[in-house]
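A.B. asks: The chain contents come next:
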Amino acid sequence: MKRPKAFRTTASLILLLAAGSLLIVPLAAGQQQAEKLVDGPGADLVRTKCALCHDLGNITRIRQTREEWADTVQTMIKRGAPITPAEMAGIVDYLTKHYGK
Amino acid sequence: MERDDAPNEDQQQGQKNIITRRTFIKSAGRLGAILAVGSAAIALDATAQTAQTPASAPSAAPAAPPLPGPIVANAAVIAEKDPVMKVLTERPLTANVTAENLNDAVTPANRLFIRNNLLTPDLQAAGHTLTIKGLVVKQMTLTLDELKSSFPSVTVQGMLECAGSGRTSFSPLPKGTPWSPTGGYGCPRWTGVRLRDILKAAGVKPSAVHVAFFGADFGELPTAPPVARSIPVSKAMEPNTLVAWAINGEPLPKVHGFPLRMMVPGWVGSASTKWLVGIDVLDAPFKGTYMDDSYRVPAYPVAPGERMPKESVSTEAWPVKSVITAPAPNARFKIGDSIAVAGKAWAGDTSIAKVEISLDEGATWKPAALAKPGDKYAWRLFTHTVRPRRQGYMTILARATDSKGNVQPIVSTWNPLGYFWNGIHRVGVSIEKA
Numbered sequence: 001m002k003r004p005k006a007f008r009t010t011a012s013l014i015l016l017l018a019a020g021s022l023l024i025v026p027l028a029a030g031q032q033q034a035e036k037l038v039d040g041p042g043a044d045l046v047r048t049k050c051a052l053c054h055d056l057g058n059i060t061r062i063r064q065t066r067e068e069w070a071d072t073v074q075t076m077i078k079r080g081a082p083i084t085p086a087e088m089a090g091i092v093d094y095l096t097k098h099y100g101k
Numbered sequence: 001m002e003r004d005d006a007p008n009e010d011q012q013q014g015q016k017n018i019i020t021r022r023t024f025i026k027s028a029g030r031l032g033a034i035l036a037v038g039s040a041a042i043a044l045d046a047t048a049q050t051a052q053t054p055a056s057a058p059s060a061a062p063a064a065p066p067l068p069g070p071i072v073a074n075a076a077v078i079a080e081k082d083p084v085m086k087v088l089t090e091r092p093l094t095a096n097v098t099a100e101n102l103n104d105a106v107t108p109a110n111r112l113f114i115r116n117n118l119l120t121p122d123l124q125a126a127g128h129t130l131t132i133k134g135l136v137v138k139q140m141t142l143t144l145d146e147l148k149s150s151f152p153s154v155t156v157q158g159m160l161e162c163a164g165s166g167r168t169s170f171s172p173l174p175k176g177t178p179w180s181p182t183g184g185y186g187c188p189r190w191t192g193v194r195l196r197d198i199l200k201a202a203g204v205k206p207s208a209v210h211v212a213f214f215g216a217d218f219g220e221l222p223t224a225p226p227v228a229r230s231i232p233v234s235k236a237m238e239p240n241t242l243v244a245w246a247i248n249g250e251p252l253p254k255v256h257g258f259p260l261r262m263m264v265p266g267w268v269g270s271a272s273t274k275w276l277v278g279i280d281v282l283d284a285p286f287k288g289t290y291m292d293d294s295y296r297v298p299a300y301p302v303a304p305g306e307r308m309p310k311e312s313v314s315t316e317a318w319p320v321k322s323v324i325t326a327p328a329p330n331a332r333f334k335i336g337d338s339i340a341v342a343g344k345a346w347a348g349d350t351s352i353a354k355v356e357i358s359l360d361e362g363a364t365w366k367p368a369a370l371a372k373p374g375d376k377y378a379w380r381l382f383t384h385t386v387r388p389r390r391q392g393y394m395t396i397l398a399r400a401t402d403s404k405g406n407v408q409p410i411v412s413t414w415n416p417l418g419y420f421w422n423g424i425h426r427v428g429v430s431i432e433k434a
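Protein chains in written order, with the numbering used here: chain V, 1 to 101; chain W, 1 to 434.
None of these hints come from the bench; they were simulated from the model.
Small disclaimer: the values here were computed from a predicted structure and weren't measured.
A virtual CB, placed ideally from N, CA and C, is assigned to each residue, including glycine.
Simulated coverage check for chain W against chain V, where a stretch passes if three residues somewhere in it have a Cβ under 8 Å from a Cβ of chain V:
{"hint": "1", "segment": "89-101"}
{"hint": "2", "segment": "222-232"}
Straight-line distance between alpha carbons at most 16 Å, and here's what the computed EDC-like set of lysine to aspartate or glutamate pairs gives:
{"hint": "3", "chain 1": "W", "residue 1": "Lys235", "chain 2": "W", "residue 2": "Asp197"}
{"hint": "4", "chain 1": "W", "residue 1": "Lys148", "chain 2": "W", "residue 2": "Asp197"}
{"hint": "5", "chain 1": "V", "residue 1": "Lys101", "chain 2": "W", "residue 2": "Glu306"}
{"hint": "6", "chain 1": "V", "residue 1": "Lys78", "chain 2": "W", "residue 2": "Asp292"}
{"hint": "7", "chain 1": "W", "residue 1": "Lys138", "chain 2": "W", "residue 2": "Asp197"}
{"hint": "8", "chain 1": "W", "residue 1": "Lys133", "chain 2": "W", "residue 2": "Asp197"}
{"hint": "9", "chain 1": "V", "residue 1": "Lys97", "chain 2": "V", "residue 2": "Glu67"}
{"hint": "10", "chain 1": "W", "residue 1": "Lys310", "chain 2": "V", "residue 2": "Glu67"}
{"hint": "11", "chain 1": "V", "residue 1": "Lys97", "chain 2": "V", "residue 2": "Asp44"}
{"hint": "12", "chain 1": "V", "residue 1": "Lys78", "chain 2": "W", "residue 2": "Asp293"}
{"hint": "13", "chain 1": "W", "residue 1": "Lys310", "chain 2": "W", "residue 2": "Asp292"}
{"hint": "14", "chain 1": "W", "residue 1": "Lys310", "chain 2": "V", "residue 2": "Asp71"}
{"hint": "15", "chain 1": "W", "residue 1": "Lys334", "chain 2": "W", "residue 2": "Glu432"}
{"hint": "16", "chain 1": "W", "residue 1": "Lys133", "chain 2": "W", "residue 2": "Asp283"}
{"hint": "17", "chain 1": "W", "residue 1": "Lys310", "chain 2": "W", "residue 2": "Asp293"}
This is chain W alone, in the form it adopts within the complex:
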């Protein structure tokens, strides 16, 4: 946000501060613009050491060239979010909403989790284009208006969930964003056009196998490769796979991909490329570090703590999962109260068959009431009433089963990158004498 101001301030200080200026441009122009602030006390302490930084830094940290475009500062991103959200990492920006704050049937945009890999580009709708190329009969470049007027608009409620959602439940803790046991997902309504309509207009050649998506985001270093991922043609042609420009009827917030993003509901979030500018139809999965080094799980189970084996597979659809959104952890009730248990269940490419509740650590289960199913990739709401008869601590467990008979595990299979946590969620509450 203050990138333009940085050099001016330095110019006033003169040439002798050239290294300071470089350091400043690097840190203030980039880090400063995007960093959410730490504590004010630490900030003031740090100024005393400012002068020492350039002396040891310059040889090891050459000044980086300017960014290729404007970015949105983390502070500006955060200002639009609900205060219940918590920042997990500042660089890259990630932010979490835990289950008890996800009671809305449709996730509001200001409670949708944030997972950036790079910076938040400050894009404009005017002039933004989407190019479709590769194994197509007709390469196309469309403006937003052309996209909206060429194909039917559809609105779909669908799950968006980071592959690493729930990662801190794994032991030992794998590397990656430290998503809390719940959070890292949301289920808003997305509006856009079907990717398959675009692909049909372009004419997909028979040799097509995967479809890759490219965003306009960039990193702090010009050497950072784009965050490019691809999905199989079959999923690209799925009618719920959208090129989307709106969330809950409003334009996408900048951090969520304004003005255009992919929405591949039910699959790992990294399939849903933000700031979409390019679609490339390929004869094989895209080759790149975000396909080869991330978003992979072992082809067979490995012992907790083991290294990724050579045989690994790309993450695609989420397995069956559920969370209790009410009551909140540590809520207090009285004996005889009617406790309304509520939650959400979802199941990647399949659907939810049942959700069960246990009050005895899984020894016995009772069925929860399921709301009517909505859109194919929307989460399913469940409710259950509990009337506690004795005082003390009570643990409520929820367990979902999908349409193929897959049941949530007690603990998810450990994997080196910490993906697909779908272990049974538990919420503890206190019951007091009436």
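Chain V on its own, in the form it takes in the complex:
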């Protein structure tokens, strides 16, 4: 995704898209986010679970150690993320491999 857009740009697009199918808008954004994530085992899990509530940019712009990613995912579980222990392991593996430091 490009750098944040000015409201003016966004506002003009709203009119454009409001005329189209309602289906377009959310999937467009979802697709936009999905394209940002590095492919690999666990990527779908991250797309499915983490993107339930927040932009994937929150992930891709930072680099963290395995311990830090585990802390982050644990906090997200406390904040309601429906992630099982097995899924958490897969997510942390993926994030550490592609967004580690």
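Add chain W to chain V, keeping to what the hints say.
C.D. replies: Below, chain W without anything else, positioned relative to chain V:
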């Protein structure tokens, strides 16, 4: 905004699209309603892949139940804002205004930054109540009218600043909202009643230690806990701590907490709970993920990039800080021009003692002129005139000192969650031959 329409459209498509419908309700009903749009070109490309999404998604992404109440779409929030604002994240919605767009002495509501943790609830004033409970003699539930008629109204200009303001100045970049080096703060006038008047009416028991605030916002998942935070009783009793319903004389915009919010000026923004419905007087700080996992800094300095140590403390008042709001970065002047440097300085719970300007990367400093102090938690305006004598690039630095002698650092102490950036602000301009 189109949540009600979503099922109707799907019903026309029939039962075979049940998974599509679920996905649709989840994405269109929730994400769609709140997402600011991306580019139209990407939107059209994405439709081709729509049909593939349900095939891989259903087992991993069960349909979420309906939201507990109506929300305001991001597009509607944005429509009320000044075009100078930039969206940083769409989910949750955050939006920034950089220093050169904060020249107003009083921040207009349409240039106040946005920092949601969850969705923007579409609340109504009618029927809205505030409940005060916990360690009080008399538990109370007040309507907005009762609140306004029971206690004296006060208007206070005060700083509201996200704890992570300026986060992208930290290296390495900590997780969290990517606030630009300037922005993530504003200083409007707030009208409401003093929290202490409410607490006195309820009768705070001697065992009270912290006061927690609860908002009516909710997340996309029913499992999302409320964004609840608490502050010490001493700050709750501070006369500038308000339960507010107006900003610059107008009702709060929905995204800024309509119809009621906390205003704890000078402290991290997360203390100023939006969409306020509950106040709980406690015998200890509130326990919850927004107290325990966020809004904390290490109890001692850690190396950049280190993990949060076990010893950490909750973020409270902002340290001394200043920004140059004029000239704008990369402005062009001529030799001999009179350049009006202007800016704002603020200092959490203390006050501003002086602001200095440097044109030589901090080797020498000259005092800026300070405007008369206003309300205790309002930013202080400063001005300084510069007359450049040679051509080339010139960097203007501003540095504030507070009433306790604390000076802005060159670079703020790194911390794992990227809070309290108050490093010296610099603006570069070009000087051309006359």
